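Peer 1: These protein sequence lines map, in sequence, to chains A and B. Residues 1 to 360 (my numbering) are what the first sequence spells out, left to right. Residues 1 to 360 (my numbering) are what the second sequence spells out, left to right.
The set of hints was computed from the structure by calculation and includes no laboratory data. Careful, some of the hints might be misleading.
Here are the in silico distance ranges between beta carbons for each label pair [what the hints assert, rightly or not]:
1. B/ARG288 / A/LEU272: 21 to 29 Å
2. A/MET1 / B/VAL89: 32 to 40 Å
3. A/LEU272 / B/GLU348: 27 to 35 Å
4. B/ARG288 / A/GLY87: 43 to 51 Å
5. B/GLN291 / A/VAL48: 43 to 51 Å
6. B/THR98 / A/LYS227: 57 to 65 Å
7. B/LEU263 / A/GLY154: 27 to 35 Å
8. B/THR84 / A/GLN308: 45 to 53 Å
Pulled from the structure, derived: some chain A residues nowhere near chain B, Cβ distances all over 10 Å [said to hold, decoys possible]:
9. TYR139
10. ASP210
11. GLN308
12. ASN312
Here are some chain A residues pointing at chain B (derived, C-beta under 8 Å) [stated by the list, open to error]:
13. LEU36
14. THR47
15. ILE75
16. THR102
17. MET110
18. ARG126
This structure is a prediction, so every number in the text was calculated from the model and none was measured. Even for Gly, the Cβ is constructed at its ideal location relative to N, Cα and C.
2 protein chains.
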Amino acid sequence: MTLLLSNEEIDSMLDVSMVLDAVEKSQRAMASAEALSSPRVDTLAPTVTGEASATYSLKSMSGLWPEAGVAALRINSDVLVWPTVAGNVRRDRLPSSTGRWTGMLILYSMATGEPLMISPDGYISRLRVGATNGLAARYLARTDARVMALLGTGWQAGGQLMAHCAVRPIETVKVFSPNPANREKFCRELQSRVKAKLIDVDSAQAAVEDADIVVTATNSMEPVHRKEWLRPGVHYSAVKVQEMDQPFLDAVDRVFMFSKNPLTTRPQTVKLDSVITPEADGGWWQNRQGQSWDRLQELPNLFIGKAQGRENDRQTTAFVNNVGQGLQFCAVAKRVYDEACARKLGRELPTEWFTQDVHP
Amino acid sequence: MTLLLSNEEIDSMLDVSMVLDAVEKSQRAMASAEALSSPRVDTLAPTVTGEASATYSLKSMSGLWPEAGVAALRINSDVLVWPTVAGNVRRDRLPSSTGRWTGMLILYSMATGEPLMISPDGYISRLRVGATNGLAARYLARTDARVMALLGTGWQAGGQLMAHCAVRPIETVKVFSPNPANREKFCRELQSRVKAKLIDVDSAQAAVEDADIVVTATNSMEPVHRKEWLRPGVHYSAVKVQEMDQPFLDAVDRVFMFSKNPLTTRPQTVKLDSVITPEADGGWWQNRQGQSWDRLQELPNLFIGKAQGRENDRQTTAFVNNVGQGLQFCAVAKRVYDEACARKLGRELPTEWFTQDVHP
Numbered sequence: 001m002t003l004l005l006s007n008e009e010i011d012s013m014l015d016v017s018m019v020l021d022a023v024e025k026s027q028r029a030m031a032s033a034e035a036l037s038s039p040r041v042d043t044l045a046p047t048v049t050g051e052a053s054a055t056y057s058l059k060s061m062s063g064l065w066p067e068a069g070v071a072a073l074r075i076n077s078d079v080l081v082w083p084t085v086a087g088n089v090r091r092d093r094l095p096s097s098t099g100r101w102t103g104m105l106i107l108y109s110m111a112t113g114e115p116l117m118i119s120p121d122g123y124i125s126r127l128r129v130g131a132t133n134g135l136a137a138r139y140l141a142r143t144d145a146r147v148m149a150l151l152g153t154g155w156q157a158g159g160q161l162m163a164h165c166a167v168r169p170i171e172t173v174k175v176f177s178p179n180p181a182n183r184e185k186f187c188r189e190l191q192s193r194v195k196a197k198l199i200d201v202d203s204a205q206a207a208v209e210d211a212d213i214v215v216t217a218t219n220s221m222e223p224v225h226r227k228e229w230l231r232p233g234v235h236y237s238a239v240k241v242q243e244m245d246q247p248f249l250d251a252v253d254r255v256f257m258f259s260k261n262p263l264t265t266r267p268q269t270v271k272l273d274s275v276i277t278p279e280a281d282g283g284w285w286q287n288r289q290g291q292s293w294d295r296l297q298e299l300p301n302l303f304i305g306k307a308q309g310r311e312n313d314r315q316t317t318a319f320v321n322n323v324g325q326g327l328q329f330c331a332v333a334k335r336v337y338d339e340a341c342a343r344k345l346g347r348e349l350p351t352e353w354f355t356q357d358v359h360p
Numbered sequence: 001m002t003l004l005l006s007n008e009e010i011d012s013m014l015d016v017s018m019v020l021d022a023v024e025k026s027q028r029a030m031a032s033a034e035a036l037s038s039p040r041v042d043t044l045a046p047t048v049t050g051e052a053s054a055t056y057s058l059k060s061m062s063g064l065w066p067e068a069g070v071a072a073l074r075i076n077s078d079v080l081v082w083p084t085v086a087g088n089v090r091r092d093r094l095p096s097s098t099g100r101w102t103g104m105l106i107l108y109s110m111a112t113g114e115p116l117m118i119s120p121d122g123y124i125s126r127l128r129v130g131a132t133n134g135l136a137a138r139y140l141a142r143t144d145a146r147v148m149a150l151l152g153t154g155w156q157a158g159g160q161l162m163a164h165c166a167v168r169p170i171e172t173v174k175v176f177s178p179n180p181a182n183r184e185k186f187c188r189e190l191q192s193r194v195k196a197k198l199i200d201v202d203s204a205q206a207a208v209e210d211a212d213i214v215v216t217a218t219n220s221m222e223p224v225h226r227k228e229w230l231r232p233g234v235h236y237s238a239v240k241v242q243e244m245d246q247p248f249l250d251a252v253d254r255v256f257m258f259s260k261n262p263l264t265t266r267p268q269t270v271k272l273d274s275v276i277t278p279e280a281d282g283g284w285w286q287n288r289q290g291q292s293w294d295r296l297q298e299l300p301n302l303f304i305g306k307a308q309g310r311e312n313d314r315q316t317t318a319f320v321n322n323v324g325q326g327l328q329f330c331a332v333a334k335r336v337y338d339e340a341c342a343r344k345l346g347r348e349l350p351t352e353w354f355t356q357d358v359h360p
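When you get a sec, could you build the whole thing from the sequences and use the hints?
Peer 2: What follows is the structure, given as C-alpha cells:
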C-alpha cells in the first residue's frame, strides 16, 4: 500500500524535534558521503492563467539516504508572478488550483523502488527549512540565548520560530514585519506552538536591539540584516541568500552556509526566451572565489567536527540557508511515514496504481 | 479531478499515429524555441534488495509545451543490476515491487499548476521512442520502403515495429534476436498489431540483407549496426547511441541524432562513490567536436526545414535516438489525457489529494 497523507495529518504528528533530528542525521550522512541530494531542476515557460499572463514553473529535487533505505522526490508545479509591493519586487505563487497550490512529495523505498508515501510538501518544507536554521543555532548560538528577534511573519517564519525555540531556552520572541495586521495575526496564531512569549514590535530596530538570535524569514529580494545591528555574541540567521549581503557577512566572525557545492546550489534552470525573471543571476553568492568565499563554511561539516564554530561568547556567528535539498525532504518524509504507520494515519492507496508490469 | 490511468487503458486508446503526431508537433515547437525539455537527473546509490546488493536509481525528466498548456514530469524509481549475458554487459531493472516496476508520469496544467493525470510510463514510453524513430523514417527513408529488418525483440522493439509500419508501406518485417524463443514469441504476440508479415529469421545477416529499413532495438552496450551492411538507399535506425559506432556513422551519407544539445543530452548524474556503473562516460557521442560531430544533424530541424534530409534514392541515411526527453512524455500524455476525457476512461482522484492550502 502507498500511504496518502494530508498536511493536517502531517501537522498532527510532526514535532519540530523530529525534524531537527532527521535533518541532522541525514546531513551527517551527506557530509560523510553516505547520502546525496540531486541538483534542483527548474523549468519555466510563459503561461496564461485566467486571462492574465504569468510564468509557469515546474521544479523538482530529489534525495537518497541509503542508511534509511529511502529516496524522495519533491515537485512544485507553480504559476508565478513578480509583483512590486511597497517598492520591492517579490516572487509570488498564485493559488491557481481553485485557491490551492500544487506541491507534493513522493517517498520511495530503495529496496523495492515502490512509492511508500505521497503527501503535500508544505508543512514538511516549512519545518525542514526551520530545522536547518535551528540546527545552525544549536551549533552556533550562545547556549544562554533567551531573546530572539524574528523579522517576517509569513509561512516560513512559523517554522523558524518553532525550531529556534526548540534548540535554545528562548523566553521572548520579538516579532516584526511591515504590516501590523500580519504581525498581530502571526503572534495570535503561533503563540500556542511555543513556550516563549511572542511580542509584536513596530520596527526591525526594536526587534533586534537586545536579541541574542536574529532571524529573518522574509520575501525580500533585498538585504535585511544590517551591519550596524552587529553586537558581540549574537547569532544571525537567514532563510535565503538575498537577506544577507557581503559587507554584513564580512563583518561576522564565523559564517556558515548550508552548502557550497555547485551541484546542489546552482539550479539547472531551463526557460524559454520569452520568460523574464527578476531573480536572475547575480549577488555575492555567485562569486565562488576570493577571501570572502573561502571563509564561508558548510553547516553539515559542523555536525561531524570538520568545521570550527563559535569559540567564545563574544563572537558573532551567521548562517545563510542558501539552498533547499532533496535530502531534507527525504529524511523528514521517512520520519513522517514511520510515524503515520505506527499511528495508522493516512489513506492507503494501492501501490499498483503507481507501478506496472512492463518497464520502458 | 485528477485522472488515474492504467497501462491497459492507455493501450486501448493510444494509436501509434496519435503518438507520431504528438511527438512531431511538440518537436516542431521545440525546434522553434516554443517548448522545452529539462535536463534529465539521475541519482544513484547502493541498495540492498532482498538479500542481494544492487544499485538504486531515481530518475526524472520534464517537459513544458505552452501551446498545449501542459507540462509533464516522468519519474523512474528503479533497482538496477548489470549482469553479463552471453559475454555482453547489460543493464537490467529488477521488478522488485512484487514483480512490478515503478515508473510514472504526471501531467500538469500550465494554467492552474494542478495535476491533470497520473499514469504509468511504460506504454507511453515505448511508443514515444518508437514514434521518434518512426518520424526519422518518415522524413528519411525511401518512400517505397517495403522490407524492414528488426534486430531485437524486447519491449522497445514492439514500438519500433508499429511506428515504422505506420510511416512506410512495409510488407515484410524480418525479425532477429539471439534467442529463438524470444523471436517466436515476439512474432506471435505482435503480428496482430501490424499489416506487414512478421518473419522470424535466424541471423542478423539474414534480417538485413534485402531490407530497405534496418532498425535496432536491443539491450546491447556494443555496436550492432555494421559498416559492411551498408547498401545504397537504405535507412538505418537505432534506439540508442551504443548501437552505432563512429566508423559506421562516418560511412552513412546523412546522419541525424534526436538532439545535440548538451543540456538535454548530458544527464545530471549524482552518485555515491560506492556506486560503480559500467555505463560510465565514453563513446563517440561524448566527443562533441570535429568533423564527425559537425556533420550530425538534429531530427527536429528536419521537421521545420532547417536541415537537409535524403536527396535521392541512392543515399544512405541514419538516425540515432540518443536521448529521452520530458517533452515527448508531455506531448503524448496530453493526447492520452484528451482521449481519456472524451472516452470517459480512467479513475477520478480528488485533485485536493495532490494540492494544498499553503505554499512553502
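Peer 1: Determine for every hint whether it applies to the structure shown.
Peer 2: Hint check:
no.	hint	result
1	B/ARG288 / A/LEU272: 21 to 29 Å	holds, 24 Å
2	A/MET1 / B/VAL89: 32 to 40 Å	holds, 36 Å
3	A/LEU272 / B/GLU348: 27 to 35 Å	holds, 32 Å
4	B/ARG288 / A/GLY87: 43 to 51 Å	holds, 46 Å
5	B/GLN291 / A/VAL48: 43 to 51 Å	holds, 45 Å
6	B/THR98 / A/LYS227: 57 to 65 Å	holds, 60 Å
7	B/LEU263 / A/GLY154: 27 to 35 Å	holds, 34 Å
8	B/THR84 / A/GLN308: 45 to 53 Å	holds, 49 Å
9	TYR139	holds, 24 Å
10	ASP210	holds, 31 Å
11	GLN308	holds, 26 Å
12	ASN312	holds, 36 Å
13	LEU36	holds, 5 Å
14	THR47	holds, 4 Å
15	ILE75	holds, 6 Å
16	THR102	holds, 4 Å
17	MET110	holds, 4 Å
18	ARG126	holds, 6 Å
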